Amino acid sequence: AQSVTQPDIHITVSEGASLELRCNYSYGATPYLFWYVQSPGQGLQLLLKYFSGDTLVQGIKGFEAEFKRSQSSFNLRKPSVHWSDAAEYFCAVGVGYALNFGKGTSLLVTP
Amino acid sequence: DAGVIQSPRHEVTEMGQEVTLRCKPISGHNSLFWYRQTMMRGLELLIYFNNNVPIDDSGMPEDRFSAKMPNASFSTLKIQPSEPRDSAVYFCASSLEQLRNTEAFFGQGTRLTVV
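Same order as they appear, the protein sequences are chains A and B.
Be aware that the first sequence starts at 129, since it is given in our numbering, and climbs by one per residue.
Be aware that the second sequence starts at -10, since it is given in our numbering, and climbs by one per residue.
No lab work stands behind these hints, which were simulated from the structure alone.
It is possible that part of the hints are untrue.
Heads up, simulated EDC-like pairs for lysine to aspartate or glutamate below, C-alpha to C-alpha not over 20 Å straight-line [stated by the list, open to error]:
id, chain 1, residue 1, chain 2, residue 2
1, B, LYS57, B, ASP46
2, A, LYS177, A, ASP213
3, A, LYS196, A, ASP136
4, A, LYS231, A, GLU148
5, A, LYS177, B, GLU92
6, A, LYS189, B, GLU92
7, A, LYS231, B, GLU33
Over 10 Å on every C-beta distance to chain B, these chain A residues come out as not near it, computed from the model [stated by the list, open to error]:
id, residue
8, PRO135
9, HIS138
10, GLU148
11, TYR153
12, ASP182
13, LEU184
14, GLU194
15, LYS196
16, ARG197
17, GLN199
18, HIS210
19, LEU236
20, PRO239
All of these numbers come straight from a predicted model, not from anything done at the bench.
Built from N, CA and C at the ideal position, the CB exists for glycine as well.
Excised from the complex, chain A in its bound form:
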């Protein structure tokens, strides 16, 4: 069955430090992969998506993600985290018409 795993439930980083959020997927075919961010009390906003082509994908707010087929991973990165990046991050795989979401990673940014 198709699934998405985000191994880290919580991550804490200092403002200005680099960030990497992990995502592993299980899917038989070429996956369609997404990262969404959810700020407290808000809906989900798309950060970036991978359908095909270049395996390094650029998104909004300075985020990027790299698709690695050999590792079944789609990790999200940012070189320098801002306090406003504190939020819940969800990795998702497109399965047909719907999205299968991971359980999310909560990011805390310290001064």
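Position chain B against the provided structure of chain A, taking the given hints into account.
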């Protein structure tokens, strides 16, 4: 465009009462999704509409849940009767054509509390 609009943002109701959640998708989008978010289960797809027709309702938990899309600009999710375990955040999302070629836009959600 104002994005996907959901109402109400918060709903507190007593067990046994009927609850109706509303969604206005983005104009021109022909796919609509209802998701439920809980701490235990994360984000789950409840039902998917395409061109106002329910295509997949396999995620609807039980018969107490029902969803309608009478036209392209409005959808409802109804719970009757409501139970405390229905407490969750319910999201509506819409997209254009097949998901693979586009992104799903989410509303801000309705936080439902059943006491």
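Here is how each hint holds up against the structure:
1. B:LYS57 / B:ASP46: 11 Å, holds
2. A:LYS177 / A:ASP213: The hint holds at about 18 Å.
3. A:LYS196 / A:ASP136: 18 Å, holds
4. A:LYS231 / A:GLU148: 16 Å, holds
5. A:LYS177 / B:GLU92: 8 Å, holds
6. A:LYS189 / B:GLU92: 17 Å, holds
7. A:LYS231 / B:GLU33: 10 Å, holds
8. PRO135: The assertion about PRO135 (chain A) holds, with a minimum of 14 Å to chain B.
9. HIS138: Correct as stated: the minimum Cβ-Cβ distance to chain B is 13 Å, above 10 Å.
10. GLU148: GLU148 (chain A) is indeed farther than 10 Å from all Cβ atoms of chain B, at 21 Å.
11. TYR153: 15 Å, holds
12. ASP182: Non-interface label stands for ASP182 (chain A): nearest chain B Cβ at 17 Å, farther than 10 Å.
13. LEU184: 19 Å, holds
14. GLU194: 19 Å, holds
15. LYS196: Consistent with the label, LYS196 (chain A) stays out of reach of chain B, its closest Cβ about 20 Å off (over 10 Å).
16. ARG197: Check passes; 17 Å lies beyond 10 Å.
17. GLN199: Holds: least Cβ distance 22 Å, greater than 10 Å.
18. HIS210: At roughly 22 Å from the nearest Cβ of chain B, HIS210 (chain A) sits farther out than 10 Å, so the non-interface label holds.
19. LEU236: It holds; LEU236 (chain A) is separated from chain B by about 17 Å at its closest Cβ, greater than 10 Å.
20. PRO239: 28 Å, holds
Checked against the numbered hints above, the structure breaks none of them.
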